[in-house]
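Since the structure of chain E is provided, determine the placement of chains W and Y on it from the hints.
Residue numbers (this note's numbering), protein chains in the order written: chain E, 59 to 349; chain W, 784 to 1124; chain Y, 9 to 329.
Read the hints as simulated data drawn from the structure, not as lab findings. Ideal Cβ placement from N, Cα and C applies to all residues, glycine included. Misleading hints may appear alongside valid ones.
Chain Y is nowhere near these chain E residues, computed Cβ spacing over 12 Å in every case [claimed, not checked]:
#1 Ala72
#2 Met86
#3 Ile95
#4 Trp106
#5 Pro118
#6 Ala156
#7 Thr159
#8 Asn181
#9 Thr187
#10 Ser204
#11 Phe211
#12 Gly277
#13 Met291
#14 Ser295
Computed cross-link-like contacts, DSSO-like style, restricted to lysine-lysine with a CA-CA straight-line distance of at most 30 Å [to be verified]:
#15 Y:Lys180 / E:Lys258
#16 W:Lys795 / W:Lys1079
#17 Y:Lys15 / E:Lys258
#18 Y:Lys136 / W:Lys1058
#19 W:Lys994 / W:Lys795
#20 E:Lys258 / Y:Lys91
#21 E:Lys178 / Y:Lys276
#22 W:Lys997 / Y:Lys276
#23 W:Lys1058 / Y:Lys211
#24 Y:Lys135 / Y:Lys182
#25 Y:Lys127 / Y:Lys180
#26 W:Lys1065 / Y:Lys182
#27 Y:Lys135 / Y:Lys78
#28 W:Lys867 / W:Lys1079
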Amino acid sequence: MAKERTSKKKESQARQIWKRFRKNKIAMAALIVLGIIILAACSADLFWDYQKDACNIHVPQRLQKPSAEHWLGTDELGRDMLCRIVYGARASLTVGLAATTFALIIGGILGSISGYYGGKLDNVIMRCTDVLLAIPGLLLAIAIMSAFKPNVFYISLALGISYISKFTRIVRSAVLTVREQEYIEAAKAIGAKDHVIILKHLLMNCMAPIFVQYALAIGSRILSVSTLSYIGMGIQSPTPDWGNMLSGARAYIRGNSYLVLGPGIALLLTISAFNLIGDGLRDAMDPRLKK
Amino acid sequence: MEKDTRPMLEIKDLVVEYRTEEETVQAVNDINLTIRKGKSLGLVGETGAGKTTTALTILNLLPETTGRIVDGTIALDGDPIITKDSSGKSVAAKTDVEMQKIRGNKVAMIFQDPMTALNPIFTVGDQIAEAVQLHQKCTPKEAEKRAEEMLELVGIPGSRKTDYPHQFSGGMKQRVVIAMALACNPALLIADEPTTALDVTVQAQVLEMIKELKEKFGTSVLMITHDLGIIAEMCDEVSVMYAGSIVEHGTLEDIFDRTRHPYTRGLFNSLPNIKDRTARLKPIRGLMPDPSNLPKGCAFADRCDYATDRCREGKPTKRMLSDTHFVDCCLYEDGKDEDRL
Amino acid sequence: MSENVKKDILLDVQHLKKYFSTPRGMLHAVDDVSFQIERGKTLGIVGESGCGKSTIGRSILRLLEPTSGKVIFDGQDITALNKNEMRALRQKMQIIFQDPFSSLDPRMTVSQTIEEPLKLHGIIKDKKQREQRVLQLMETVGLAERLYDTYPHELDGGRRQRIGIARALAMKPKFIVCDEPVSALDVSIQAQILNLMEDIQAKEGLTYIFITHDLSVVNHFADDIAVMYMGRMVEKAPSEKLFENPIHPYTQALLSAIPVPDIHHQMKRIVLKGEVTSPIEPKPICRFAARCPYACDQCMHSEPEFKEVEPDHWVACHVKG
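With the rest of the complex left out, here is chain E (with noise of 0.2 Å):
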């Protein structure tokens, strides 16, 4: 009973979740890792000049091992390695985020107005989602792929509407949860408009959920990014990107398997680091594993 009592620290709730988080060991190192992903792709233009570097063929210096002008060797056109992983992140993370952030959006949208609502507009939008659902996410994205263009839009519209049931889903749920709170009552008591209600009350009740949700699946969209583009439905060469790499690589995985672990581990290291950090807000965020 007693112990229930919270202690008296004027903390903002965001700012309780930090810290929970800072002492996440692995989080924090994945969040790390993924900070220094992130920068290297920004500022990959100081170090190369994207066309020449990443995308001109120089025939001389082909499938060259590791060595101190190459860290990671050369490709099989004679590519510096590490230059196009570091612009291939650029691909991966900004496809990721643009098709998590759209099927958030849309999900989002979708999902509170169901959760909110309820009834008969619940059941059209629940059974929409559903037989979304029914499709594998891949072979809806292909399925889009085939019919457009494959640039770094049309890739992220893909792979964002196979992901907006599951947001729409998850959103519901969270909305549901918060919806039955005396506090969502008391805004309507208090003449609060529908709107209001939603963004103000619902969604910023139930941003734990789905922020986790959020990290996790920008983890799966980069993986999915890069099946595309190997498969060759996604980002074509010379545009480099992990997926292409790897599919370009495969003929010489015997003797240059170097050309492979570049790309895996680069691709490796990044859904990893996204998963652990989801993992890691859903453990900071979750109330009932305050000590």
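Frame of chain E; chains W and Y shown alone:
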């Protein structure tokens, strides 16, 4: 009146803390409690006073990671539960397995919320029978028969033993929980706010039933509640708890007619008076002190109208005002039993 | 009724019904309830869980849409208002909730919570003035100024309930539904809050509906008391009358069941058999008949009418009425 006046439960100098990384909560601070056989003791106090912690300590059910018994001893029917080792440290006298045998057999506990105390996937008959078989040597048939008897005893037709918990209403569930608790004829029943979740008319039924069973089987009862009305009806003796300490203890007459401690008086004054409905309530001002940061002196001093510098400087001396009436307040340090409020 | 014309009626509820559809049929949560409240008075509504008392409060405020019936507030039938008109009227009718933990948005500070209604209705546009008003409200309900920027989870139940009261008072309402405002609080804190609500009522001339299951609290607090049983109002009378001379067998049992904190109190307790069930598709018989010690043939065949047996004392019972 029974001749046997040996103590069923004896708690001496008990101190319990909850320790976390950030703070140490002093939940129970040096309390003494004795329940004689066949008697019932009411433990009354507000949220956070340490009532439930006391009950959990008796059953050795404190949360393992945070709860810690700092000092004191507990004996059940003369059998030590918490003792002191050679260096004077308080340690558990029983192993976990031994404690399991005592729980549900010698001591049974009824919790506040009957909804969570029953397993939804087993019939109530099976659940009571299981409790019986755990503690008594008997065949499944006998256990089942015993379950049926227990249900009848608490006023539920025995034929309902094949029903699942969700088929019972709140009051009925609490009856099932009580049937389960009493199935092994416990010598001590700990009831932690057993009727708080129930409606008034159902509460009346359940209280009536506990009273009957107590008389029938001579069970000792520790009744934990915040409701002085229930205490007046159910108990022989009362301990008033505040911020982890017992501030006043005595017979019903001592507490209700010869109220001495300002906190006990404050509790009575906070209640609406049924006879004089327009009388203004006299609440106790302020709040209970933070249990992780108790004051040096009397914990009630900041809310007390009679507090002096003496109260704030050091703990009051505990006094017996009569053979039965104990009070922990600076006003009575001379030990004279007169109304000073 | 005719002699009551002079009374200054603030709220007139006529044949209010609220049904919920459940898989097992229509649940008659509130079934044809009518009552009036005079300006500045308090009506206590008591009953056990599931009797429909909270549903009444919420239906009057149209937080739940009534199935049928009229709610006339200050001469205006509010069941006929559209969404925007109702939103504007909410300034005049407020609610205080039972649970001081779930009724406050955990992300909003004390001041943000109290300020919200002022902002929403554009009552005070100037930020400085709004801050002044919030501080004034905090003082009214007894919240120290230093709590201005704290979050609800840092505060105890009593203080949180004060925030809820301040939020309700912010728009200077005329009428407040208090839905079990003290039942989650400890007795010493409960008394503080009850006194506060009394003081505010006297100062602002407020009219209350006080919903509770605690009879001793309602006796202390309300001018009139209405007893509910399974969606029906079974008895209504001025508090003293109801406590001195309860007529309905259910009221009698309810009153006798209160544990009195007095060891010299002698009262014959009427222990009812059985429990309240939910009124799903109720038959047209007396809903209390199954538990009633006086039930007769008539009770099992027709539903008793809610009638005035003495001046101001209304009862729905075949036998005692």
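Against the structure, the hints come out as follows:
Distance check on alanine 72 (chain E): its Cβ comes as close as 9 Å (rounded) to a Cβ of chain Y, failing to clear the 12 Å threshold; non-interface status is violated. Once the 12 Å rule is applied to beta carbons, methionine 86 (chain E) is consistent with being away from chain Y; the minimum gap is 25 Å. Even its closest Cβ contact with chain Y, about 32 Å, leaves isoleucine 95 (chain E) beyond 12 Å, as expected for a residue assigned away from the interface. Remark: the non-interface label on tryptophan 106 (chain E) is consistent with the geometry, its nearest Cβ contact in chain Y lying 45 Å away (cut-off 12 Å).
At the 12 Å boundary, the C-beta of proline 118 (chain E) stays outside the reach of chain Y, the nearest C-beta of that chain being 62 Å off. In this structure alanine 156 (chain E) is separated from chain Y by more than 12 Å, as the shortest Cβ-Cβ distance comes to about 28 Å. No Cβ of chain Y approaches the Cβ of threonine 159 (chain E) within 12 Å, the least distance being about 22 Å, so the stated non-interface status holds. Distance check for asparagine 181 (chain E) against chain Y: the nearest CB is about 15 Å away, which clears 12 Å, and the non-interface claim stands.
The claim that threonine 187 (chain E) is not at the interface with chain Y holds, since no C-beta of that chain comes within 12 Å of its own (minimum 24 Å). With a cut of 12 Å on Cβ distances, serine 204 (chain E) stays outside the contact zone with chain Y, its closest approach being about 45 Å. With a cut of 12 Å on Cβ distances, phenylalanine 211 (chain E) stays outside the contact zone with chain Y, its closest approach being about 35 Å. For glycine 277 (chain E), the shortest C-beta to C-beta distance to chain Y comes to about 27 Å, beyond the 12 Å cut-off, and the non-interface label holds.
Every CB of chain Y is more than 12 Å from the CB of methionine 291 (chain E) (nearest about 43 Å), matching its label as outside the interface. Every CB of chain Y is more than 12 Å from the CB of serine 295 (chain E) (nearest about 48 Å), matching its label as outside the interface. At roughly 24 Å between alpha-carbon atoms, lysine 180 (chain Y) and lysine 258 (chain E) fall within 30 Å of each other, so this suggested pair holds. Restraint check for lysine 795 (chain W) and lysine 1079 (chain W): the C-alpha separation of about 22 Å stays at or below 30 Å, so the hint holds.
As the CA atoms of lysine 15 (chain Y) and lysine 258 (chain E) are separated by approximately 43 Å, the hinted pair breaks the 30 Å bound. At most 30 Å may separate the alpha-carbon atoms for a hinted pair to count; lysine 136 (chain Y) and lysine 1058 (chain W) exceed this at roughly 48 Å. Simply put, lysine 994 (chain W) and lysine 795 (chain W) have alpha-carbon atoms about 27 Å apart, close enough for the 30 Å limit, and the pair holds. For the hint linking lysine 258 (chain E) to lysine 91 (chain Y), the alpha-carbon distance of about 20 Å falls within 30 Å, and the restraint holds.
Annotation: proposed proximity of lysine 178 (chain E) to lysine 276 (chain Y) is violated, straight-line Cα distance about 54 Å (limit 30 Å). Of the supplied pair hints, the one linking lysine 997 (chain W) and lysine 276 (chain Y) holds, its CA atoms being roughly 20 Å apart against a limit of 30 Å. For the suggested pair lysine 1058 (chain W) and lysine 211 (chain Y), the alpha carbons sit about 26 Å apart, so the restraint of at most 30 Å is met. Proximity of lysine 135 (chain Y) to lysine 182 (chain Y) is assessed by CA-CA distance (about 25 Å); at most 30 Å being required, the pair is judged to hold.
The hinted pair formed by lysine 127 (chain Y) and lysine 180 (chain Y) meets the criterion: a straight-line CA distance of about 14 Å does not exceed 30 Å. A hinted pair counts as satisfied when its Cα atoms are at most 30 Å apart, and lysine 1065 (chain W) with lysine 182 (chain Y) qualifies at roughly 27 Å. Of the pairs offered as hints, the one joining lysine 135 (chain Y) and lysine 78 (chain Y) is violated, with about 39 Å between alpha carbons and a cut-off of 30 Å exceeded. Between lysine 867 (chain W) and lysine 1079 (chain W), the direct Cα distance comes to roughly 27 Å. Compliance with the 30 Å bound is thereby established for this hinted pair.
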